[in-house]
Structures are given as structure tokens and as C-alpha cells.
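Please model the complete structure; the sequences and the hints are all you need to start from.
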Amino acid sequence: MTALIASRNSLPAHLSKNIEQARELIAARHAGSTRKAYEVDWKDFQGWASENGLEPMPASIEAVVLYLANLSEKGLKPASISRKVAAIKFAHRQAG
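The opening residue of the sequence shown carries number 28 in the numbering used here; numbering runs sequentially from there.
Since the hints were derived computationally from the structure, they do not count as laboratory data. Among the clues, some could well be false.
[Stated by the list, open to error] The list that follows gives simulated cross-link-like pairs (lysine-lysine, BS3-like), each with its CA atoms no further than 25 Å apart:
hint : residue 1 : residue 2
1    : K70       : K116
2    : K63       : K104
3    : K104      : K70
4    : K101      : K63
5    : K116      : K104
6    : K116      : K101
7    : K116      : K63
8    : K70       : K101
[Unchecked claim] Label-pair restraints from in silico Cβ distances:
hint : residue 1 : residue 2 : range
9    : A58       : G80       : 33 to 39 Å
10   : S99       : A58       : 23 to 29 Å
11   : N45       : E89       : 38 to 44 Å
12   : A58       : H119      : 16 to 22 Å
13   : A40       : V112      : 36 to 42 Å
14   : R56       : P85       : 19 to 25 Å
15   : A96       : H41       : 47 to 53 Å
16   : P39       : A106      : 42 to 48 Å
17   : K70       : G123      : 15 to 21 Å
We treat Cβ as the ideally placed atom computed from N, Cα and C, and that holds for glycine.
Written as C-alpha cells, this is what we have:
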């Protein structure tokens, strides 16, 4: 959906004026606290990927699995790891 509204040129003229509102609706689908947590989690993944010579975007499955294994080794709880997965997924969806 985000990729669809990313390009104003690909939309009919009568829809182009609603692009910003559509972006705001997409961003608002998560609570503010969730968006902030995702932002922190995404930055954490970016930093880890950079430190390990891996690309965070687009992230390979191998990179994500290695990251998750690292988190597990550090003792993160499954719920925290799941949120980090959701943050990575969200970042990739936002990027199109």
C-alpha cells in the first residue's frame, strides 16, 4: 500500500491530492508508543547490521535470523524478539 502511494505520478489526478492524508492514515494504524518502539527497534537492527557488515535494507533472511539469534543469546524474551521482528517487517513495508 505504501508503495502505491509513494508515486504521485502513477495515480489519477483526482487521487493525487489525497496522498498525504493516505500516508497519515497508514502511519496512524499503530499507536504512537508502538511506532516509537518500532523506531528504536529498527535503529537497533540497523546498528547491528552495520557493525556486522550486513545490509539492513533490504535485509536478507539470513541477516534477520542471525540478528534474532544474537538477541536470544543476549537473553531477550520472546515477546521482545517478536516486536523487533515486527519493527523490521514494518520498516520494509514502509520502504515499499
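Consistency of the hints with the structure:
1. About 13 Å separates the Cα atoms of K70 and K116, which keeps this hinted pair within 25 Å; it holds.
2. Between K63 and K104, the direct Cα distance comes to roughly 19 Å. Compliance with the 25 Å bound is thereby established for this hinted pair.
3. The suggested pairing of K104 with K70 holds, with an alpha-carbon distance near 19 Å, which does not exceed 25 Å.
4. At roughly 22 Å between alpha-carbon atoms, K101 and K63 fall within 25 Å of each other, so this suggested pair holds.
5. Restraint check: the Cα-Cα separation between K116 and K104 comes to about 19 Å, which is no more than 25 Å; the hinted pair holds.
6. With a C-alpha separation of about 21 Å, the suggested pair K116 and K101 falls inside the 25 Å cut-off, and the hint holds.
7. Between K116 and K63, the direct Cα distance comes to roughly 15 Å. Compliance with the 25 Å bound is thereby established for this hinted pair.
8. Simply put, K70 and K101 have alpha-carbon atoms about 17 Å apart, close enough for the 25 Å limit, and the pair holds.
9. At roughly 34 Å, the beta-carbon separation of A58 and G80 lies within the given 33 to 39 Å, and the hint holds.
10. A hinted range of 23 to 29 Å holds for the C-beta pair S99 and A58, which are about 26 Å apart.
11. Roughly 39 Å separates the CB atoms of N45 and E89, a value that falls within the hinted 38 to 44 Å.
12. Between A58 and H119 the C-beta distance comes to about 20 Å, which sits within the given range of 16 to 22 Å.
13. Distance hint for A40 and V112: a CB-CB separation of about 39 Å, consistent with the stated range 36 to 42 Å.
14. Range check, R56 to P85: about 22 Å between beta-carbon atoms, so the 19 to 25 Å window is met.
15. Distance hint check for A96 and H41: the Cβ-Cβ separation is about 49 Å, which falls inside the suggested range of 47 to 53 Å.
16. For the hinted restraint 42 to 48 Å between P39 and A106, the CB-CB distance of approximately 43 Å keeps it satisfied.
17. The hinted range of 15 to 21 Å is satisfied by K70 and G123, whose Cβ atoms lie roughly 20 Å apart.
Checked against the numbered hints above, the structure violates none of them.
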